[in-house]
Amino acid sequence: MGGYGHNLSNLLKNSRRKERKAYDGWTESDEESQGIKVEPVSEELLQGIRNKLKMQRQALFIRRLIGFGFVIVLIT
Numbered sequence: 429m430g431g432y433g434h435n436l437s438n439l440l441k442n443s444r445r446k447e448r449k450a451y452d453g454w455t456e457s458d459e460e461s462q463g464i465k466v467e468p469v470s471e472e473l474l475q476g477i478r479n480k481l482k483m484q485r486q487a488l489f490i491r492r493l494i495g496f497g498f499v500i501v502l503i504t
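Take the sequence shown: its position 67, counting from 1, is numbered 495 in our numbering, and each next residue is one higher.
None of the hints are false.
The calculated SDA-like cross-link candidates involving lysine to any residue, where the alpha carbons are at most 20 Å apart (straight line), are:
{"id": "1", "residue 1": "482", "residue 2": "470"}
{"id": "2", "residue 1": "480", "residue 2": "490"}
{"id": "3", "residue 1": "480", "residue 2": "492"}
{"id": "4", "residue 1": "480", "residue 2": "469"}
{"id": "5", "residue 1": "482", "residue 2": "472"}
{"id": "6", "residue 1": "482", "residue 2": "494"}
{"id": "7", "residue 1": "482", "residue 2": "493"}
{"id": "8", "residue 1": "482", "residue 2": "471"}
{"id": "9", "residue 1": "480", "residue 2": "470"}
{"id": "10", "residue 1": "482", "residue 2": "492"}
{"id": "11", "residue 1": "480", "residue 2": "491"}
No lab work stands behind these hints, which were simulated from the structure alone.
My request is simple: use the sequences and hints to build the entire structure.
This is how it looks when you write it as structure tokens:
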């Protein structure tokens, strides 16, 4: 997960940020542009997202396990 924090840090400290039109008029003291708006989400939707993430993690683990096994077979 360290990669995600690194990418976020790069986005926040990007020196070209001020040159982009998307950030035109944006200031750190501006109340309207301070972060993400939080909206309530149903527990069912959250559980669905958690299930999808769990399935993705399991699939990735299986792929890595198969790849690791394949490399071990090739080495021996």
